[in-house]
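Enquirer: One rule links them: number in our numbering = place in the sequence shown (from 1) + 4.
Keep in mind the hints are simulated off the structure, nothing from the lab. Heads up, some of the hints might be wrong.
Here are the simulated DSSO-like pairs of lysine-lysine, each with C-alpha atoms no more than 27 Å apart in a straight line [stated by the list, open to error]:
#1 Lys-41 x Lys-66
#2 Lys-44 x Lys-27
#3 Lys-14 x Lys-41
#4 Lys-14 x Lys-27
These numbers come from a predicted model, not from an experiment.
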Amino acid sequence: MQACRKYLQKKNRRVTFEWALIKDVNDTPRDARELAKLCKSLKPSAHVNLIPLNPTPGYLTKGSAPEEVREFADQLIDLGVNATVRRNRGTDIDAACGQLAAGQPVAITSRSIVG
5 MQACRKYLQK KNRRVTFEWA LIKDVNDTPR DARELAKLCK SLKPSAHVNL
55 IPLNPTPGYL TKGSAPEEVR EFADQLIDLG VNATVRRNRG TDIDAACGQL
105 AAGQPVAITS RSIVG
């Protein structure tokens, strides 16, 4: 967040975050509130692009369902954060974001709150 604040001081342009929604990991109402709080701490406020995690063979995690993604976006918007739901492209040929690097599973670790 410190780097984002420095960027804003220097450029005075909004910061955009890409948020890959992972089912039951970072797609809850609590996650939306925490993300909104971080975004609103930046002036001008940040924008969030929401992207469902692409299905990737060998990974235990799954992307949030389309209705959950829309609900998360609505929560952010209700909390005063600009949010856009991005379309997935290339999933049918395993060429979507994150799929090209697949092949070896990644260890899942717990996350910590930053701010």
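Enquirer: Work down the list of hints and note, for each, if the structure agrees.
Expert: Hints, verified against the model:
1. The straight-line distance between the Cα atoms of Lys-41 and Lys-66 is roughly 25 Å, inside the 27 Å bound, and the hint therefore holds.
2. In summary, the hint linking Lys-44 to Lys-27 is supported, as the alpha carbons are separated by about 24 Å, within the 27 Å threshold.
3. Distance check on the hinted pair: Lys-14 and Lys-41 sit about 22 Å apart at the alpha-carbon level, within 27 Å; holds.
4. About 36 Å separates the Cα atoms of Lys-14 and Lys-27, which puts this hinted pair outside 27 Å; it is violated.
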